[in-house]
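Colleague: Going down the list, the protein sequences come from chains A and B. Here the first sequence stands for residues 14 to 280, where the numbers follow my numbering. Here the second sequence stands for residues 449 to 779, where the numbers follow my numbering.
Treat the hints as calculated values from the structure; they're not laboratory data. Mixed in with the good hints there might be a few duds.
Said to hold, decoys possible - Anything over 10 Å on all C-beta distances counts as not near chain A; from chain B, calculated:
| hint | residue |
| --- | --- |
| 1 | N455 |
| 2 | T569 |
| 3 | F590 |
| 4 | L674 |
To be verified - Derived coverage of chain A by chain B (criterion: at least 3 residues anywhere in the stretch with Cβ under 8 Å from a Cβ of chain B; other residues may be distant):
| hint | segment |
| --- | --- |
| 5 | 15-21 |
| 6 | 63-77 |
| 7 | 146-154 |
| 8 | 173-182 |
| 9 | 265-272 |
Model, not experiment: these values are computed from the prediction. For every residue, glycine included, the Cβ atom is placed at its ideal position computed from N, Cα and C.
Here is what each chain is made of, one letter per residue.
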Amino acid sequence: MKIIVLIKQVPEMERVKFDTTRGVINRKSAGVEINPFDLNALEAALQIKEEFAAEVIALSMGPTRAEGVIKEAIARGADDGILLTDRKFSGADTRATAYLLASAIDKIGNVDLVIAGEMTVDGDTAQVGPQTAEYLGLAHIAYVTKLEEITEDYLTVVAPTWDGNYSKKINYPGLITVTKDLNTPRLPLLKRKLEVREAEVEKWGIADFETELDPQDVGLKGSCTRVRKIEVPSPVEREGKMWTGDQLREAITEVAQICQEKDRMGE
Amino acid sequence: MTEKEYNGIFVFAEQRGGEIHHVSYELLNKAEELAAELNCPIFAALLGPTGIKAEELIYRGANKVYYLEDQAFGQPDELFYKENLVDLIDELKPEIILVGATNFGRSLAPRVAAALDTGLTADCTELRVDQAGKLLQIRPAFSENILAQIETVTYPQMATVRYKEFVERKRDGTLEGEIIKKRPTKVQDQSVEILELLEQQEINIAEAEVVVAGGKGIKKAAGFELLQRLATELGGVIGASRDIIDVGYLSKEYQIGYSGYRIAPKIYIACGISGAPQHVAGIKEADKIIAINTDPSAPIFEVADYGIVGDLYQVIPRLIEEVEEDERRDN
Chain A
14 MKIIVLIKQV PEMERVKFDT TRGVINRKSA GVEINPFDLN ALEAALQIKE EFAAEVIALS
74 MGPTRAEGVI KEAIARGADD GILLTDRKFS GADTRATAYL LASAIDKIGN VDLVIAGEMT
134 VDGDTAQVGP QTAEYLGLAH IAYVTKLEEI TEDYLTVVAP TWDGNYSKKI NYPGLITVTK
194 DLNTPRLPLL KRKLEVREAE VEKWGIADFE TELDPQDVGL KGSCTRVRKI EVPSPVEREG
254 KMWTGDQLRE AITEVAQICQ EKDRMGE
Chain B
449 MTEKEYNGIF VFAEQRGGEI HHVSYELLNK AEELAAELNC PIFAALLGPT GIKAEELIYR
509 GANKVYYLED QAFGQPDELF YKENLVDLID ELKPEIILVG ATNFGRSLAP RVAAALDTGL
569 TADCTELRVD QAGKLLQIRP AFSENILAQI ETVTYPQMAT VRYKEFVERK RDGTLEGEII
629 KKRPTKVQDQ SVEILELLEQ QEINIAEAEV VVAGGKGIKK AAGFELLQRL ATELGGVIGA
689 SRDIIDVGYL SKEYQIGYSG YRIAPKIYIA CGISGAPQHV AGIKEADKII AINTDPSAPI
749 FEVADYGIVG DLYQVIPRLI EEVEEDERRD N
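Chain A on its own, in the form it takes in the complex (with noise of 0.2 Å):
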């Protein structure tokens, strides 16, 4: 059994700082590490893994530094991985990334079952995994909570779906994008962690793709939507009024009121 993990390197968002004059995230604000989604990707594909005899590959798309999270993604315990770099794959939109995935999937062939973590914390689209999916020809399953049966052909899966939590089943081959409430994903073992430090990362350019990819379909000439103009946006005026200690009186008095004039609100 073959599975895919997709995996991104992001900012840490939590950390990052923003310049709202330029309209960009100050990258030195902050360092970078996998999005914290994948991590539950991975942390789903080693646990099917524990019960078949899987071969679990970690896949990214990004600059040579990305290499890092392919590492990363090895010392947590993938079998390997490979990155997908190439200048003509920059400026890629939702769509050119999938498409270079899928090409990427393809090309490695025979694989049973896709996950990637729900979105990503610096796109926060969630369009890549279903998308991807697409370009395969395969179904998917969104946001999925928790992993039911695991079998050598199929998985069943909790989900949830319009107001409420569904018991779904894939067949494979298959893809299936998860959230965090799915796992706590495990630590990276330190030997492993050392192994990999020296270790070369398997990267593929455009050059390494014969049939599997149309090269008008990957990077920024792939892609459909253009980030034309940044906004920073302006701030919302609220009234701002604040009580502190003794106030409190005055305080509780109005506040009651103001929760009680809400069926005049809004008109």
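Assemble the complex: chain A is given as a structure, and chain B must be docked to it using the hints.
Modeller: Relative to the frame of chain A, chain B by itself:
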């Protein structure tokens, strides 16, 4: 392909259990604005079991409703929906497609976009038409620190919009339009099987008029009983910031913010919530924000209409008392 080939705005009208989801009416409202600029028709696509009141979509501004009737649409099967939507879109060739960014819409729309080989912009907070007639899609990025203006260079131009982002089109029973009933063009396959609905969601925080939410400052799970009393008194529900969900006091359906629910209540009361940008992202559409926090420098006070610096365990019981007293007086 040229723009002329593509005409009209296509709204995916999501239904659940035969009820049209209100995000569809919000999309129709925006569609009406865009259609006025573009001078084009509005199509609504309703995929669902028989017996849905499709005319409601006409009363909310759709010119033509394409109602694909099949019991199988009663299950949230993205592949089956995608195949049939793509056929309908190929037939109609709309220039714009709008989909509600519900959990189902967020899973379905990317498949449709990929199948059509077109672009998709997620979670737009504003949509406009520029002078050339192109759709400008505005979406927040990087924890809402910036707004990106995005255009799609292919057709159709597709966007998803979160529930409660736009106001819904007011119902007008005098509006006229056409309902075209169709059978699905594709059949359901078995690559994904929807086995059963395990449980219905307990609360619907996105639609509540009053939300009383707790954060780290609540310190113990029992504190939510107090918040629940205030919420009940005000006819609302309780919610929480992410810290609370992470420690397991409440389940994810109560989570408000960037990675939880985005809410738009008339009153939002933040109790012991510091106000991280990720949380504030989920509450900015609230009419009134009231914050209670012991720390006067908590960022929540910067976005609040009313702030009380104090311990929630002292403030809330008194607030409940006051509201009860006011009600007695009014009766």
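Colleague: Compare the structure with each hint and give your call.
Modeller: Hints versus structure:
Even its closest Cβ contact with chain A, about 19 Å, leaves N455 of chain B beyond 10 Å, as expected for a residue assigned away from the interface. Here T569 of chain B does not stay apart from chain A, with its beta-carbon only about 6 Å from theirs, under the 10 Å limit. Here F590 of chain B does not stay apart from chain A, with its beta-carbon only about 6 Å from theirs, under the 10 Å limit. Look at L674 of chain B: its CB is around 15 Å from the nearest CB on chain A, clear of 10 Å, so calling it non-interface holds up.
Taking a C-beta to C-beta cut-off of 8 Å, the segment 15-21 of chain A contributes 0 residues in contact with chain B, too few for the three needed, and the coverage statement is violated. With 0 residues bearing a CB less than 8 Å from a CB of chain B, the segment 63-77 of chain A misses the requirement of three and the coverage assertion fails. Coverage of a stretch by a chain is defined here by at least three residues with a beta carbon nearer than 8 Å to that chain's beta carbons; for the segment 146-154 of chain A and chain B the count is 7, and the condition holds. Residues of the segment 173-182 of chain A lying with their CB closer than 8 Å to a CB of chain B number 10, which satisfies the three-residue condition for coverage.
With 8 residues having a beta carbon nearer than 8 Å to a beta carbon of chain B, the segment 265-272 of chain A meets the requirement of three or more and the stated coverage holds.
Hint violations for this structure: numbers 2, 3, 5 and 6, all remaining hints satisfied.
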